[in-house]
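J.: Spelled out, the chains give:
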Amino acid sequence: MNTHVGSWVLHRKWILAAVGLPILVAAWWAFRPEKLWINQKVSEPAPFASSTDPQPLYTGRLEGKAHQTSGRATIYKTPDGKQYLRLTDFSTSNGPDVHVVLVRSDEANLTQEIVKGQLDSVELGSLKGNQGDQNYDLPASVDLQKYNAAVIYCERFHAVFGLARLEQF
Amino acid sequence: MVRNIKTLLALAALAFTFGALAYAQDNMKHEGEAKTLETGSFHGKVHGTSGRATIYQEADGKLVLRLTNFKTSNGPDVHVILIAAKDADDNANFLKSSAERVELGSLKGNEGDQNYEIPSDTDLSKFQTVSIYCERFDANFGAAPLEKF
Numbered sequence: 001m002n003t004h005v006g007s008w009v010l011h012r013k014w015i016l017a018a019v020g021l022p023i024l025v026a027a028w029w030a031f032r033p034e035k036l037w038i039n040q041k042v043s044e045p046a047p048f049a050s051s052t053d054p055q056p057l058y059t060g061r062l063e064g065k066a067h068q069t070s071g072r073a074t075i076y077k078t079p080d081g082k083q084y085l086r087l088t089d090f091s092t093s094n095g096p097d098v099h100v101v102l103v104r105s106d107e108a109n110l111t112q113e114i115v116k117g118q119l120d121s122v123e124l125g126s127l128k129g130n131q132g133d134q135n136y137d138l139p140a141s142v143d144l145q146k147y148n149a150a151v152i153y154c155e156r157f158h159a160v161f162g163l164a165r166l167e168q169f
Numbered sequence: 001m002v003r004n005i006k007t008l009l010a011l012a013a014l015a016f017t018f019g020a021l022a023y024a025q026d027n028m029k030h031e032g033e034a035k036t037l038e039t040g041s042f043h044g045k046v047h048g049t050s051g052r053a054t055i056y057q058e059a060d061g062k063l064v065l066r067l068t069n070f071k072t073s074n075g076p077d078v079h080v081i082l083i084a085a086k087d088a089d090d091n092a093n094f095l096k097s098s099a100e101r102v103e104l105g106s107l108k109g110n111e112g113d114q115n116y117e118i119p120s121d122t123d124l125s126k127f128q129t130v131s132i133y134c135e136r137f138d139a140n141f142g143a144a145p146l147e148k149f
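Those sequence lines, one after another, are chains A and B. Residue 1 is where the first sequence starts when you use the numbering used here, and the numbers rise one by one after that. Residue 1 is where the second sequence starts when you use the numbering used here, and the numbers rise one by one after that.
A few of these clues could be false.
Stated by the list, open to error - With a Cα cut of at most 25 Å, we get these calculated DMTMM-like pairs of lysine to aspartate or glutamate:
{"hint": "1", "chain 1": "B", "residue 1": "K62", "chain 2": "A", "residue 2": "E63"}
{"hint": "2", "chain 1": "A", "residue 1": "K82", "chain 2": "B", "residue 2": "E111"}
{"hint": "3", "chain 1": "B", "residue 1": "K148", "chain 2": "A", "residue 2": "D53"}
{"hint": "4", "chain 1": "A", "residue 1": "K35", "chain 2": "B", "residue 2": "D60"}
{"hint": "5", "chain 1": "A", "residue 1": "K41", "chain 2": "B", "residue 2": "D26"}
{"hint": "6", "chain 1": "A", "residue 1": "K35", "chain 2": "B", "residue 2": "E33"}
{"hint": "7", "chain 1": "B", "residue 1": "K108", "chain 2": "A", "residue 2": "D89"}
{"hint": "8", "chain 1": "B", "residue 1": "K148", "chain 2": "A", "residue 2": "E34"}
{"hint": "9", "chain 1": "A", "residue 1": "K77", "chain 2": "B", "residue 2": "E100"}
{"hint": "10", "chain 1": "A", "residue 1": "K77", "chain 2": "B", "residue 2": "D138"}
{"hint": "11", "chain 1": "B", "residue 1": "K62", "chain 2": "A", "residue 2": "D143"}
{"hint": "12", "chain 1": "B", "residue 1": "K71", "chain 2": "A", "residue 2": "D133"}
{"hint": "13", "chain 1": "A", "residue 1": "K82", "chain 2": "B", "residue 2": "E33"}
{"hint": "14", "chain 1": "B", "residue 1": "K62", "chain 2": "A", "residue 2": "E34"}
{"hint": "15", "chain 1": "B", "residue 1": "K71", "chain 2": "A", "residue 2": "E34"}
{"hint": "16", "chain 1": "B", "residue 1": "K35", "chain 2": "A", "residue 2": "E34"}
{"hint": "17", "chain 1": "B", "residue 1": "K45", "chain 2": "A", "residue 2": "E167"}
Keep in mind the hints are simulated off the structure, nothing from the lab. On a predicted model such as this, the values are computed, not experimentally measured, just so you know.
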């Protein structure tokens with residue numbers, strides 16, 4: 001009697017193992033839970049030789065505020081350490097005394113189209129053209145962590161023509 | 001009459017200031033061999049996906065997708081795909097939505113800079129979003145909508 005029960009339990013264990021183990025293996029294969037802790041890091045070089053080219057640091061799309069404005073603003077760093085802002089596919093409306101400036105993207109004034117009071121900004125120069133690709137040198141000391149948005153700004157009417165929030169490239 | 005002419009002149013001057021077009025054409029300083037065509041940032045909260053996806057065209061015309069500052073969660077059977085959509089929701093299931101896609105290969109690593117070749121006949125104006133896609137569970141880990149660089 002005892003031996004019979006014992007063999008049955010043994011038998012059932014066998015069945016449990018025979019059924020359970022494949023399920024465990026399948027579940028592991030499907031979910032690969034160990035990957036939650038294991039990172040696979042790669043570091044491929046850029047697909048082209050670029051050490052002598054300016055490298056993009058930050059970029060963002062321009063959106064229109066007071067006037068329709070579109071295009072892309074990108075900050076590049078040249079191999080000799082100089083930084084410049086480049087506008088591409090750029091279009092805004094022409095106007096009087098329009099400047100390119102850098103501002104803080106959390107600047108309260110940017111929720112409005114017209115700036116009241118002083119705009120905390122870094123001047124990059126007068127807008128060279130209301131259309132076309134153009135470059136603006138950045139002052140060497142500018143803190144791009146702080147001034148992380150480019151604005152097309154009409155100084156005469158304190159109007160924000162367009163704004164590009166810059167993200168790390 | 002004189003006043004009318006003056007008004008007209010003033011209006012013309014105004015129209016000139018606002019209507020005239022000033023076109024600038026600065027060149028890229030030392031233009032490189034590869035052209036940057038499109039770029040976008042990853043979003044993906046559920047699986048913590050972040051970084052940048054950029055499509056380059058090499059001098060010989062080859063298209064390359066490059067991921068930089070990239071991070072996502074590790075997982076089974078994760079692929080990099082292009083989908084024919086403007087953007088994709090976090091955790092979107094493309095099998096159900098049956099969005100057209102272009103397979104670029106298995107994800108090489110869940111962290112770090114990496115390149116993927118894009119088939120040369122890919123219509124980039126149609127396939128506008130990069131997705132990090134878990135094929136096993138049909139889950140979108142993260143997506144990067146691409147915009148012209």
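J.: Indicate, hint by hint, whether the structure satisfies it.
T.: Hints versus structure:
1. B:K62 x A:E63: 31 Å, violated
2. A:K82 x B:E111: With Cα atoms ~30 Å apart, K82 of chain A and E111 of chain B exceed 25 Å; violated.
3. B:K148 x A:D53: The given pair, whose Cα atoms are some 20 Å apart, holds under the 25 Å limit.
4. A:K35 x B:D60: 38 Å, violated
5. A:K41 x B:D26: 39 Å, violated
6. A:K35 x B:E33: 38 Å, violated
7. B:K108 x A:D89: 33 Å, violated
8. B:K148 x A:E34: Judged against 25 Å, a Cα distance of about 38 Å means the pair is violated.
9. A:K77 x B:E100: This hinted pair is violated, its Cα atoms lying about 38 Å apart.
10. A:K77 x B:D138: Answer violated: K77 of chain A to D138 of chain B is near 40 Å, above 25 Å.
11. B:K62 x A:D143: Since the Cα atoms of K62 of chain B and D143 of chain A sit roughly 37 Å apart, the hinted pair is violated (cutoff 25 Å).
12. B:K71 x A:D133: The hint is violated at about 32 Å.
13. A:K82 x B:E33: 21 Å, holds
14. B:K62 x A:E34: Answer violated: K62 of chain B to E34 of chain A is near 37 Å, above 25 Å.
15. B:K71 x A:E34: 17 Å, holds
16. B:K35 x A:E34: 39 Å, violated
17. B:K45 x A:E167: 18 Å, holds
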